[in-house]
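Going line by line, the protein sequences match chains A and B.
Each residue of the first sequence is one higher than the one before, counting from 1 in my numbering.
Each residue of the second sequence is one higher than the one before, counting from 93 in my numbering.
These are calculated hints, taken from the structure and not from any lab test.
Think of the CB as a built atom: it goes at the ideal place given N, C-alpha and C, for glycine as much as any other residue.
Certain hints may be false.
[Claimed, not checked] Far from chain B, some chain A residues (derived; all Cβ distances over 10 Å):
(1) T4
(2) D34
(3) R38
(4) V57
(5) K75
(6) S80
[What the hints assert, rightly or not] Calculated lysine-lysine pairs in the DSSO-like style (CA-CA distance at most 30 Å, straight line):
(7) B:K102 to A:K20
(8) A:K20 to B:K96
(9) B:K102 to B:K193
(10) B:K96 to B:K245
(11) A:K75 to B:K96
(12) A:K20 to A:K75
[Stated by the list, open to error] Here are some, though not all, of the chain A residues that point toward chain B, as calculated from beta-carbon distances under 7 Å:
(13) S2
(14) R6
(15) A10
(16) S44
(17) R45
(18) I61
(19) I85
(20) P86
Letter by letter, the chains look like this.
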Amino acid sequence: MSVTVRLPGALGAATGGETKLTASGATLADVIADIERRHPGFASRVLDERGAIRSYVNVYIGDEDARARGGAGAKVPDGSEIMVIPAMAGGR
Amino acid sequence: MPDKVSLERKRIARAFGAQVVLTDPLAGTDGAIREAQRRAAAAPERYVYVDQYANPVNRLAHELGTGPEIWAQTGGRVTHFVAGVGTSGTVMGVSAALRPKRVRIVAVQPDDALHGIEGWKHLPTAIRPPLWDERAADEHRVMGTDEAIAMTKRLAREEGIFSGVSGGAAVAAAIAVAREEAGRIVVLIADGGERYLSTPLWE
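Next up, chain A with everything else stripped away, as it sits in the complex (with noise of 0.2 Å):
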C-alpha cells in the first residue's frame, strides 16, 4: 500500500531534507520502518524505544489522530496522507 508522508521542516535533516515522502506498509509502524530503511535514524525521531509514537509528536493519518486509531499499530489505507508534527508551540 502506498501513501504520502508529509514532515515538518524540522524533521526534514532526518530525510535528507525531504518533506513530502512516498512510503509503503500497511500500518504506521510499516510505514515508519520503510521510511527508516531509506532515511536510518528517522523512526527513533518519531517512536520511542517501546515503537510507541513519542508524546510530543503527533501523527495524522487523513485527518484524524493516529493515537486514537491504535497508535504505531494503526492500520493505514492506500492512498491516504501521513502528517507528523510536533506537538509544541507559543514563545515566551
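On the provided structure of chain A, position chain B as indicated by the hints.
Chain B only, in chain A's frame:
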C-alpha cells in the same frame, strides 16, 4: 495558531473573545507568526501586532519586574539564574537586571529541532527572536524532551508543582548546573500544566 495545537489553547483564546485562525500545522509556530505578520501588514488599521518576540516591553517587564523581585526575595544571595529561551524576553530582561550584580545567567534551549518543550525555541532552526542576543547569557545549555518530561512528572508528584514541560526542562537544567557549580540557583517555571491535560503527556 498552528492547526492541531491542544484543545485547551484554542478554547482559552476563544474564551477571551478571539477568532482563532489556524495555520499549516507543518509550519509550526513560525507559520503562525508569519500569518500574524501578513494580516497586520495587510490591514494595519484593523490589527495591532503586539509581537512579543521583538517588543522591547517584554524584555523591560523582566528587567524592571522579574529581576529585581528575584534579587529582593533572595536578599541578594542569588548566584545563578536559569531559564529557557522562547521569545527570549525573560533571559534578556533578567540578565540586564542581575548580571551587573554578578549573577551568572544560564540560557537553555531544546536539543533538537523536533522537540516537545512547548514555548521554547530551537534557535538554530526557528525564526530568531529579534530581542535575542546570546551575549546576554554567561552559559548556554540544551535540554532533551524526554528528560524534560520526566522532570515535569517528578515536579508534580514530588513537589506538588504542576508545570508545563518547559518548567520541567528548566528545573532539569538547573539541577545539572547545581551538580557542577555551588551557589544559590533561581530557576523560572513559566507555564502551568493545566493546558496540556488533553495531550498524551498525562495519559
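Comparing the hints with the structure gives:
For T4 (chain A), the non-interface assignment is confirmed: its Cβ lies about 13 Å from the closest Cβ of chain B, beyond the 10 Å cut-off. The claim that D34 (chain A) is not at the interface with chain B holds, since no C-beta of that chain comes within 10 Å of its own (minimum 19 Å). Every Cβ of chain B is farther than 10 Å from the Cβ of R38 (chain A); the closest lies at roughly 18 Å, confirming the non-interface assignment. At roughly 7 Å from the closest C-beta of chain B, the C-beta of V57 (chain A) falls inside 10 Å, breaking its exclusion from the interface.
The beta carbon of K75 (chain A) sits about 20 Å from the closest Cβ of chain B, which is more than 10 Å, so the claim that it is off the interface holds. No beta-carbon of chain B is positioned within 10 Å of the beta-carbon of S80 (chain A); the least distance is around 16 Å. In summary, the hint linking K102 (chain B) to K20 (chain A) is supported, as the alpha carbons are separated by about 28 Å, within the 30 Å threshold. About 19 Å separates the Cα atoms of K20 (chain A) and K96 (chain B), which keeps this hinted pair within 30 Å; it holds.
Between the alpha carbons of K102 (chain B) and K193 (chain B) the distance comes to roughly 41 Å, so the proposed pair goes past 30 Å and is violated. Annotation: proposed proximity of K96 (chain B) to K245 (chain B) holds, straight-line Cα distance about 23 Å (limit 30 Å). Among the hinted pairs, K75 (chain A) with K96 (chain B) is consistent with the structure: their alpha-carbon atoms are about 21 Å apart, no more than 30 Å. A C-alpha spacing of about 20 Å is found between K20 (chain A) and K75 (chain A), which places the hinted pair at or below 30 Å, so the restraint holds.
The restraint placing S2 (chain A) at the interface with chain B is violated, with a minimum CB-CB distance near 20 Å, outside the 7 Å limit. Interface hint at R6 (chain A): satisfied, since its Cβ lies 6 Å from the closest Cβ of chain B, which is below the 7 Å cut-off. The beta carbon of A10 (chain A) is positioned within 7 Å of a beta carbon in chain B (closest approach about 4 Å), and the interface hint is therefore held. At its closest, the beta carbon of S44 (chain A) sits 11 Å from a beta carbon of chain B; the interface hint therefore is violated under the 7 Å criterion.
For R45 (chain A), the interface hint holds, the least distance from its beta-carbon to any beta-carbon of chain B being 6 Å, beneath 7 Å. Nearest Cβ of chain B to the Cβ of I61 (chain A): about 13 Å, over the 7 Å cut. The hint is violated. Annotation: interface hint on I85 (chain A) holds; nearest CB of chain B at approximately 5 Å, less than 7 Å. The closest approach between the C-beta of P86 (chain A) and any C-beta of chain B is roughly 5 Å, which is under the 7 Å cut-off, so the hint is satisfied.
Of the numbered hints stated above, those contradicted by the structure are hints 4, 9, 13, 16, 18, listed in ascending order.
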